[in-house]
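Chains as they are written, first to last, in this note's numbering: chain F, 208 to 594; chain P, 208 to 594.
These are computed hints drawn from the structure, not numbers from a lab.
Treat the hints with care, since some could be wrong.
Each pair may be met inside one copy or between any two copies, as identical chains are not told apart.
The calculated lysine-lysine pairs, modelled on BS3-like cross-linking and capped at a C-alpha distance of 27 Å, are [unchecked claim]:
id : residue 1 : residue 2
1  : Lys490    : Lys308
2  : Lys420    : Lys587
3  : Lys536    : Lys397
4  : Lys490    : Lys420
5  : Lys536    : Lys308
Listed below, chain by chain, are the residues.
There are 2 protein chains.
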Amino acid sequence: MDIDGGKRKRPLSDLRRLVEYGRNDKNDVLRRGAEQGGTVMGFDPALNRTWHLASRPRGDIRPENFAMQTSPRPEPGENQFRVRLLYISLDPGQRLWIREKASYLPSLPLGGPMFSFAMGVVEASRHADFPDGTIVTGVFGWQDYALSDGTGAVRSVVADPRLPLLARFGMLEHIGLTAYFGTLDLLQPKSGETMVVSGAAGAVGSIAVQIGKIMGCRVVGIAGSDEKCAWLRDELGADAVVNYRAGPLGEQLQLACPDGIDSFFDNVGGECLEAVLDLINMKARIAMCGAVSQYGADDKPYGPSNIYNLLMKRARMEGFIVLDYAADKRWWAIAEEQLVQWHLQGRLKYRLDIVDGLERTPVAMTRLFNGTNAGKLLVKVSDDPTN
Amino acid sequence: MDIDGGKRKRPLSDLRRLVEYGRNDKNDVLRRGAEQGGTVMGFDPALNRTWHLASRPRGDIRPENFAMQTSPRPEPGENQFRVRLLYISLDPGQRLWIREKASYLPSLPLGGPMFSFAMGVVEASRHADFPDGTIVTGVFGWQDYALSDGTGAVRSVVADPRLPLLARFGMLEHIGLTAYFGTLDLLQPKSGETMVVSGAAGAVGSIAVQIGKIMGCRVVGIAGSDEKCAWLRDELGADAVVNYRAGPLGEQLQLACPDGIDSFFDNVGGECLEAVLDLINMKARIAMCGAVSQYGADDKPYGPSNIYNLLMKRARMEGFIVLDYAADKRWWAIAEEQLVQWHLQGRLKYRLDIVDGLERTPVAMTRLFNGTNAGKLLVKVSDDPTN
């Protein structure tokens, strides 16, 4: 896979190399400010637009942290194929990829091409395993086109006749599987227990809420607006909801959890984690899926002062990344099929939040951090040929 | 068991009731200041001295937080026996029992009798299962004599001819078993990994260091003096040691752990935990055994700001209390025998730090928090009849 539009031919065999690759782009002239300068370009089949990291965000991520560069549409070499991007997935954890300090991935160098999990369609293939028209997912740049040799994270998607294509992003792939493994492997919820989910109206959180309900838990969702809370309660079946913007979180959570908290699926960290730690029951489990409240606090994140409640309550807190589960293909396939079944049974819903146009990707990204996103956030790059 | 010298006859069936019992002592007149007033009394077989909680410590624990009360030596009723205390175990976790807020036990009420895990000998028995001369362990007051009906945590000790009696405190009971379960059940160390122990020269820590070595780890001990560090390195076989008073902990630890940290047996919490979190490897395990640095910070303990490294490294942190393992008598017995075997093989050593005289108990207690204790801290109350 080549995320730089064909100018370089080195295949990238894994995520790590993908990130390091950006180092070679330092001397390129970045064409800045497609957004700021008012030049909002649409999709042009002859051009390859690519968003690069222009500056590291301090605190909140901002559109001007990214700059657009264009080059001609790339042509595949032997054993390569071109991917026309259809949808780019935007996820809170990506904030970590562009901070100075390494996270669960090495840090993207300044000037390097920004990337995402994404979906595309194969064109101009010179690779036997990926004929034209194949739908693929993988890690691609924020761009119109990518070249690939099929290595790395690229996978063909066999369309499931039971599901629309975008269900993959709404409830499978890194979204549904994160919720599945975080809940079933780490939280191991028991029927009748109280399970709390933070970032509950987000892509992963909303699936975790529903899995908690399926497992028989009393599920309490924490979200940031009355609209999100209403959706969690009325559509997804949350037993109680807390709008953290509506009043003191600790007090609201205590009211919502009269029997304490047995398990916590945490996407937020910080004060949210602290409020939960105050209420955990004996042998409680906390799955650290994300800490979106702290991603902007590079220098000094907020450390909960009551972390020692883990000791008092003999409780467990564990971080996880869904990529770690990908090696177990059998478990992964079982999990996917279970999610599909729950969906077909009407027990698992998802909501998509689609922004149209690659040129809007940086602006769309900020929505993950200012509370305006609900459900799975995607950028539509070009038209889906299966539609 | 009756910890109030026979004046009340209600049996106490468990720790929780033991703590609640103190509530009835509120109206008693506390005779304060055996230490401060200069009246240091020795053991008198006709009297029962008992230490009560006179005030809650703010920050560091102080001798004047306790006050002594005396009463006649108690006489057992039917199906009771009297326990003459021999040794009282002092452990850092007891600081939590006397804070305002409940910990892993309910808080001891002001004026209530302070208690400890302890060892004594049965006298004047009117209980068939506990004849005179039986050595018992259990939770008893800081006192000369206690009455018991054999319920609660009281257990007969069958002397092991392979070991001195005090080996129970040095490497078995709540000390050795805490180190055993914390290491083998929670940390699950693999040969060749780096295991760090904080409070490494303490009673539990020093056993954990040696178990780590037995398991084939590279063990790094953190302690608070050059003498303790030398003991860890030269006597217990630690591969590297860090004196946290000798310089910046993070820098020293980094030097001592060139390959990062795979598992951490934490007795200290706070900045020590933070320094370790900075260096954890993928899938690291942290056993929260104690947080002695934070026990005095009732209002606002120090929360490590880098707790999110658990997420980046997919690591696990878990609190535990050895009492939770007591229910599994088979596992407990296997663990005890394993510890004894390691000791007999010369691979597991312990060090006792014995303070003479019940009257010195509060002063001795402060040594757990000011760095002057090394090894298992005990107060000798009266003469061991088996010696």
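### Hint check against the structure, violated hint numbers in rising order
2 and 5
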